[in-house]
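Taking the hints into account, I'd like the entire structure generated from these sequences.
Quick note, the sequences are listed as chains A and B, same order. Take 1 as the starting number for the first sequence in this note's numbering and just add one per residue. Take 1 as the starting number for the second sequence in this note's numbering and just add one per residue.
These aren't lab readings, by the way, just hints derived from the structure by calculation. A few of these clues could be false.
Identical chains share a label here; the pair holds if one copy fits it or two copies do between them.
Under the rule of at most 20 Å between Cα atoms (straight-line distance), these lysine to any residue pairs were calculated in the SDA-like manner [said to hold, decoys possible]: (1) LYS72 with TYR205; (2) LYS56 with LEU31; (3) LYS148 with SER309; (4) LYS230 with SER40; (5) LYS128 with THR73; (6) LYS56 with LYS148; (7) LYS72 with LYS140; (8) LYS264 with GLU303; (9) LYS128 with LYS230; (10) LYS109 with PRO177; (11) LYS110 with MET314; (12) LYS59 with THR73; (13) LYS110 with TYR173; (14) LYS56 with LYS72; (15) LYS59 with LEU258; (16) LYS230 with GLY51.
2 protein chains.
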Amino acid sequence: MKWRCNYCGFEGDASRTYYWRCPRCSSPLSLDYPVECEFSSSNVVWERYSGFTPFKPSKWRGEGLTPLVSEKTSGHTLLFKLDYLNPGGSFKDRGTALSIAYAYMLGYKKTLVDTSGNTGISVALYSKLYGLEPTIVMPKTAPVGKKKAVLKLGGRLVEAESRTAATQIVEEYIGEPGVYYVGHLWSPLYIIGHATIAYEVYEDYGVPDYVILPIGSGGLLLGVVYSFEKLRECGFMEKTPRIIGVQGYSCQPVYRALYGVEEKGEDSTLADGVMVYNPPRAGEVAGKIREHGGDVVLVGNTEISRAHSELWQMGFLVEPTSAIVYAAYWRIREKIPSNSSILMVLTGSGLKTLL
Amino acid sequence: MKWRCNYCGFEGDASRTYYWRCPRCSSPLSLDYPVECEFSSSNVVWERYSGFTPFKPSKWRGEGLTPLVSEKTSGHTLLFKLDYLNPGGSFKDRGTALSIAYAYMLGYKKTLVDTSGNTGISVALYSKLYGLEPTIVMPKTAPVGKKKAVLKLGGRLVEAESRTAATQIVEEYIGEPGVYYVGHLWSPLYIIGHATIAYEVYEDYGVPDYVILPIGSGGLLLGVVYSFEKLRECGFMEKTPRIIGVQGYSCQPVYRALYGVEEKGEDSTLADGVMVYNPPRAGEVAGKIREHGGDVVLVGNTEISRAHSELWQMGFLVEPTSAIVYAAYWRIREKIPSNSSILMVLTGSGLKTLL
Chain A
1 MKWRCNYCGF EGDASRTYYW RCPRCSSPLS LDYPVECEFS SSNVVWERYS GFTPFKPSKW
61 RGEGLTPLVS EKTSGHTLLF KLDYLNPGGS FKDRGTALSI AYAYMLGYKK TLVDTSGNTG
121 ISVALYSKLY GLEPTIVMPK TAPVGKKKAV LKLGGRLVEA ESRTAATQIV EEYIGEPGVY
181 YVGHLWSPLY IIGHATIAYE VYEDYGVPDY VILPIGSGGL LLGVVYSFEK LRECGFMEKT
241 PRIIGVQGYS CQPVYRALYG VEEKGEDSTL ADGVMVYNPP RAGEVAGKIR EHGGDVVLVG
301 NTEISRAHSE LWQMGFLVEP TSAIVYAAYW RIREKIPSNS SILMVLTGSG LKTLL
Chain B
1 MKWRCNYCGF EGDASRTYYW RCPRCSSPLS LDYPVECEFS SSNVVWERYS GFTPFKPSKW
61 RGEGLTPLVS EKTSGHTLLF KLDYLNPGGS FKDRGTALSI AYAYMLGYKK TLVDTSGNTG
121 ISVALYSKLY GLEPTIVMPK TAPVGKKKAV LKLGGRLVEA ESRTAATQIV EEYIGEPGVY
181 YVGHLWSPLY IIGHATIAYE VYEDYGVPDY VILPIGSGGL LLGVVYSFEK LRECGFMEKT
241 PRIIGVQGYS CQPVYRALYG VEEKGEDSTL ADGVMVYNPP RAGEVAGKIR EHGGDVVLVG
301 NTEISRAHSE LWQMGFLVEP TSAIVYAAYW RIREKIPSNS SILMVLTGSG LKTLL
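What follows is the structure, given as structure tokens:
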């Protein structure tokens with residue numbers, strides 16, 4: 001497997017050296033590896049889709065193969081992917097499992113991450129699993145349940161004034177010997193890990209007409225697009241779904257990358273999990289949305305709150321951030337043709353944000 | 001399908017009338033129905049094991065088919081069944097899904113349950129899913145996260161002075177027209193629902209040598225025994241596992257039913273989820289343990305707390321109650337022969353008890 005920079009052309013041997021970004025031009029990197037167009041029947045996600053990942057993590061904690069629940073309503077088939085039922089309570093476990101397995105393969109002893117919350121739980125979980133020491137830098141304002149979870153997992157928790165300050169803090173430690181900076185906003189391992197969501201959907205249902213996804217770093221969206229593209233290259237499907245990304249009015253960098261402007265609207269502070277102000281792959285995300293005939297929908301607190309309540313009463317115990325996809329569905333549902341199928345990925349457990 | 005009382009011989013048509021206990025002698029009932037010895041390949045638990053249940057619930061929220069994680073250690077293969085990754089955060093969803101689907105089939109409009117917590121979340125979730133109105137009676141002392149979850153799900157929450165007082169409160173409402181008393185301590189639908197755990201383990205791994213299970217009402221233990229017995233009757237296996245039940249020193253009714261005495265030991269108040277003082281099936285549970293060459297192990301707060309921390313650092317984000325099985329494993333591990341496989345069912349999510 002090989003690191004590749006699509007911006008400056010840099011290449012590096014990924015089986016020997018880790019780069020969290022291009023060492024030459026500081027852009028996000030890609031990872032090249034041979035793909036085999038085959039699924040196995042294993043119930044372990046990394047066995048089942050090993051043809052689509054660069055390596056198989058040596059440990060597994062139950063991540064992946066989450067339920068896909070179908071609901072017919074108002075002329076549409078809604079497909080809810082219950083990715084909040086991952087072991088760390090969010091979809092991030094898919095990317096983290098791959099990323100930390102890689103850190104372990106390369107002999108790192110410590111892990112480091114700046115995060116709005118869910119990635120912190122996930123990195124603490126998988127780091128301890130591989131015997132690595134995790135340091136998690138989170139904004140003070142992160143839900144207290146997420147902080148407590150990191151501590152119970154045995155992670156070192158550092159609280160920063162803000163999400164941006166968290167990034168500034170980790171920059172001091174990046175490059176210390178033996179420290180693996182997870183860099184989930186940058187890492188192609190997260191994209192490749194999250195991609196397993198769509199292989200599962202393909203096996204359970206087929207190809208949906210639309211996919212609605214939250215955009216924080218954009219890694220989930222890039223992962224889902226990546227896998228649909230791979231499935232198409234493998235000849236498993238002809239057309240990819242339309243990709244709808246969702247951001248909140250309070251933080252709309254991908255909307256800006258797509259349209260060149262920002263829209264005014266109600267605050268979206270309830271969706272703390274997608275408050276990533278400068279996602280390094282914003283341009284790439286906007287490009288993929290354009291390529292797949294998609295769009296970015298913006299939502300605010302009132303509709304997030306309503307969608308969140310509705311999801312709970314439908315039996316989906318998600319956190320407020322996860323409700324933005326359902327809020328977006330209500331925004332655009334009249335524009336979606338009858339009999340369409342719409343996949344919504346529900347990303348984070350609401351059990352940790354109850355109080 | 002037919003209700004049957006193994007104590008007085010009562011029989012009743014279960015497709016028409018619900019009894020939460022025997023209307024003649026007040027004992028717990030059994031449910032008779034034809035079993036077909038076949039699994040399907042569906043990813044929906046009720047489709048996959050429809051041969052082993054009396055009917056198929058018309059709705060599904062992602063319950064069942066939870067991960068089985070294997071860990072080699074000190075001469076044993078530990079098999080952790082991650083049943084806390086069910087949609088309501090506990091294994092109870094398996095029984096509740098079946099029970100509430102049945103209430104809906106029979107035309108009930110309201111559901112009622114007394115519970116230490118997890119069943120309340122579960123009953124609220126599935127009742128709303130079928131459009132029924134849930135009333136959940138919980139002791140004041142239940143974890144605040146469990147109470148908040150019931151309210152967010154749209155359940156009516158009634159707080160009682162104690163678990164026993166909760167039962168007294170529901171007894172006033174049982175028998176009101178249109179009210180379905182879930183009676184999970186009594187209901188064979190919970191046993192049959194929980195039984196799906198072992199079909200899954202059988203498919204993922206085979207037959208473990210030992211199974212360690214928490215005992216609250218004993219419904220989980222009876223369910224797991226029920227399914228291993230069915231698998232044996234179907235000719236899928238020859239011998240059933242040894243069944244180890246776990247209770248806390250503070251509440252040991254099944255230990256008493258088995259040995260006629262109680263043991264003195266440290267309080268076990270951390271395991272609030274198994275504090276069921278008069279489980280109606282205590283004698284039946286003790287009988288099954290005896291029949292399957294098993295035992296009851298008692299544990300206290302110090303070892304529960306240690307086991308709980310260890311499980312989190314192993315990546316299993318469970319609630320304290322769920323840790324009693326791992327505490328019990330440490331108690332008895334030297335008596336378990338080398339190369340044995342030991343299944344531990346991890347029952348409830350720790351994300352709702354973080355604060």
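These are the hints, each one checked on the structure:
Within a single copy, LYS72 and TYR205 get their C-alpha atoms as close as 14 Å, which meets the 20 Å cut-off; across copies the closest is 35 Å, which misses it. For a Cα distance limit of 20 Å, the shortest separation of LYS56 from LEU31 inside one copy, 15 Å, qualifies, whereas the shortest one across copies, 45 Å, does not. In this assembly of identical chains, the alpha carbons of LYS148 and SER309 lie at most 20 Å apart only when taken from different copies (13 Å versus 24 Å within one copy). In this assembly of identical chains, LYS230 and SER40 lie within 20 Å of each other by CA distance solely inside one copy; the values are 16 Å within and 29 Å between copies.
Only between protomers do LYS128 and THR73 lie at most 20 Å apart by alpha-carbon distance; the minimum there is 16 Å, versus 43 Å within a single protomer. In this assembly of identical chains, LYS56 and LYS148 lie within 20 Å of each other by CA distance neither inside one copy nor across copies; the values are 30 Å within and 40 Å between. Taking the closest pair of Cα atoms, LYS72 and LYS140 never come within 20 Å of each other, the shortest separation being 41 Å inside a single copy and 39 Å across copies. Taking CA atoms no more than 20 Å apart as the test, LYS264 paired with GLU303 passes inside one copy only; the shortest distance there is 15 Å, against 55 Å between copies.
For the homomeric pair LYS128 and LYS230, neither the shortest alpha-carbon distance inside one copy (32 Å) nor that between copies (39 Å) is at most 20 Å. With identical chains, the CA atoms of LYS109 and PRO177 are at most 20 Å apart within one copy only, with a shortest distance of 9 Å there and 63 Å across copies. In this assembly of identical chains, LYS110 and MET314 lie within 20 Å of each other by CA distance solely across copies; the values are 17 Å between and 41 Å within a copy. In this homomeric assembly, LYS59 and THR73 come within 20 Å of each other (Cα to Cα) only across copies, at 14 Å, whereas the closest approach inside a single copy is 40 Å.
For a Cα distance limit of 20 Å, the shortest separation of LYS110 from TYR173 inside one copy, 11 Å, qualifies, whereas the shortest one across copies, 57 Å, does not. Taking the closest pair of Cα atoms, LYS56 and LYS72 come within 20 Å of each other only across two copies (19 Å); inside a single copy the shortest separation is 37 Å, beyond that limit. In this assembly of identical chains, LYS59 and LEU258 lie within 20 Å of each other by CA distance neither inside one copy nor across copies; the values are 39 Å within and 40 Å between. For a Cα distance limit of 20 Å, the shortest separation of LYS230 from GLY51 inside one copy, 11 Å, qualifies, whereas the shortest one across copies, 37 Å, does not.
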